[in-house]
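Residue numbering for the sequence shown follows the numbering used here, starting at 458 and increasing by one per position.
The set of hints was computed from the structure by calculation and includes no laboratory data.
Treat the hints loosely; a few may be bogus.
In silico DSSO-like cross-links for lysine-lysine, where the CA-CA straight-line distance does not exceed 27 Å [as the list claims (entries may be wrong)]:
1) 691 to 553
2) 690 to 459
3) 696 to 646
4) 489 to 696
5) 681 to 704
6) 690 to 646
Now the in silico label distances, taken between C-beta atoms and shown as ranges [as the list claims (entries may be wrong)]:
7) 630 to 470: 38 to 48 Å
8) 647 to 598: 32 to 42 Å
9) 724 to 584: 18 to 28 Å
10) 543 to 639: 24 to 34 Å
11) 701 to 460: 28 to 38 Å
12) 588 to 647: 21 to 31 Å
13) 743 to 616: 18 to 28 Å
14) 643 to 581: 30 to 40 Å
15) 751 to 680: 32 to 42 Å
16) 583 to 470: 26 to 36 Å
17) 716 to 540: 35 to 45 Å
Predicted, not measured: the structure shown is a model, and the values here were computed from it.
In this text, a Cβ means the ideal position worked out from N, Cα and C, and glycines have one as well.
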Amino acid sequence: MKWTEQKRNDLETKLRDHQFAHAIPYLLETTKFGIRCAKTGPTDYTNPGCSRVGGDPDLPPDWEWPMTADGEAMTFLAQLNLQELVQHDSSSFLPKEGMLSFFVGVDEPAYHIEHRVLVMTPEQLATAVNRHSPEETTMEETFNGFALSARATLEPPNYAYIDYDQIETDAVGYEEFEEVYQDIRDEGKRDILQLFGYPTSQHDDEEYEAALRLLTGQDYDYDKDSALNQITKKLGGDKDKAKQEIKDIVMLLEIDTDDDVGFCWWDAGVLHYFIRKEDLMAGRFDHTYCSLYSS
Numbered sequence: 458m459k460w461t462e463q464k465r466n467d468l469e470t471k472l473r474d475h476q477f478a479h480a481i482p483y484l485l486e487t488t489k490f491g492i493r494c495a496k497t498g499p500t501d502y503t504n505p506g507c508s509r510v511g512g513d514p515d516l517p518p519d520w521e522w523p524m525t526a527d528g529e530a531m532t533f534l535a536q537l538n539l540q541e542l543v544q545h546d547s548s549s550f551l552p553k554e555g556m557l558s559f560f561v562g563v564d565e566p567a568y569h570i571e572h573r574v575l576v577m578t579p580e581q582l583a584t585a586v587n588r589h590s591p592e593e594t595t596m597e598e599t600f601n602g603f604a605l606s607a608r609a610t611l612e613p614p615n616y617a618y619i620d621y622d623q624i625e626t627d628a629v630g631y632e633e634f635e636e637v638y639q640d641i642r643d644e645g646k647r648d649i650l651q652l653f654g655y656p657t658s659q660h661d662d663e664e665y666e667a668a669l670r671l672l673t674g675q676d677y678d679y680d681k682d683s684a685l686n687q688i689t690k691k692l693g694g695d696k697d698k699a700k701q702e703i704k705d706i707v708m709l710l711e712i713d714t715d716d717d718v719g720f721c722w723w724d725a726g727v728l729h730y731f732i733r734k735e736d737l738m739a740g741r742f743d744h745t746y747c748s749l750y751s752s
């Protein structure tokens, strides 16, 4: 991750202003570049291809609707016009043109959820038309469509991923850090989507779960050492490579619970889409992992 002088100065200033100058080296190393999308108002279906959450998707007329293995129509969740996001993609992770569309199957259990991430080339996007969702989809609900506005953000480690020893001193603790954390992230009340950064979770093992399934096809048993050993075995005993694979898992998208749209992930949780960095950089969006976190 390459810091610009402005981003570095912004982070350092906020930390100093809140008496966290001691944490500057740690947070320069661990803060990630993210993209946040906020609702701007009801979506405009007369202009196909705009970024949208909820509602109905825009798809090429000859594309089949994504289905589950049981033949059920998946539920459309969001579409992201990549031209609208590229200027905010400080990590240069995303394609510069086209569109990503996110669909989900049944969200039970909360792991290895059936899903699809569709990627449209600019040529395919030019043919896209609004497609009404089938009368019955996996989520058994209809969701209100909202237009989105994207912005670049800084994403420090959250409470599940933070190293408390690097943050807390005799003078300040994590409660004080929460204030500067929100300031650094520039959180907004209308935010609903986050790309990249740290997943909302109770534990710092979401990447282990995703890497284990993507690399070995096995489900996570909430034991990080066991997951690492299984991945290491799959990679011919190369533990360093296994650790790097886990480190390189990217949170492609986090979708929040939202009353306006109608999303409610279990007990007001979040839905996650993860991808290996290698697949992301190669544009392989057919190799992703979907899970749900709820407290």
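Hints, one by one, checked against the model:
A hinted pair counts as satisfied when its Cα atoms are at most 27 Å apart, and residue 691 with residue 553 does not qualify at roughly 33 Å. With a C-alpha separation of about 33 Å, the suggested pair residue 690 and residue 459 falls outside the 27 Å cut-off, and the hint is violated. For the hint pairing residue 696 with residue 646, the CA-to-CA distance comes to about 42 Å; that exceeds 27 Å, so the pair is violated. As the CA atoms of residue 489 and residue 696 are separated by approximately 24 Å, the hinted pair is consistent with the 27 Å bound.
Under the criterion of a C-alpha separation no larger than 27 Å, the hint pairing residue 681 with residue 704 is consistent with the structure, at around 13 Å. This hinted pair does not check out: residue 690 and residue 646 have alpha carbons roughly 44 Å apart, beyond 27 Å. Hint check: residue 630 to residue 470, Cβ distance near 21 Å, so the stated range 38 to 48 Å is violated. A beta carbon spacing of about 21 Å between residue 647 and residue 598 contradicts the range 32 to 42 Å that was offered as a hint.
Take residue 724 and residue 584: their Cβ atoms lie about 40 Å apart, and the range 18 to 28 Å is violated. Between residue 543 and residue 639 the CB atoms are about 26 Å apart, so this pair conforms to the stated range of 24 to 34 Å. Between residue 701 and residue 460 the beta carbons are some 22 Å apart, a value that contradicts the proposed interval 28 to 38 Å. Distance hint for residue 588 and residue 647: a CB-CB separation of about 26 Å, consistent with the stated range 21 to 31 Å.
In this structure, residue 743 and residue 616 break the distance hint of 18 to 28 Å, their C-beta atoms being roughly 33 Å apart. Checking the proposed 30 to 40 Å range against residue 643 and residue 581 shows it holds: the Cβ atoms sit about 33 Å from each other. Remark: the range hint 32 to 42 Å for residue 751 to residue 680 is contradicted by a beta-carbon distance near 21 Å. The beta-carbon spacing between residue 583 and residue 470, approximately 43 Å, falls outside the hinted interval of 26 to 36 Å.
At about 30 Å, the CB distance of residue 716 to residue 540 disagrees with the hint of 35 to 45 Å.
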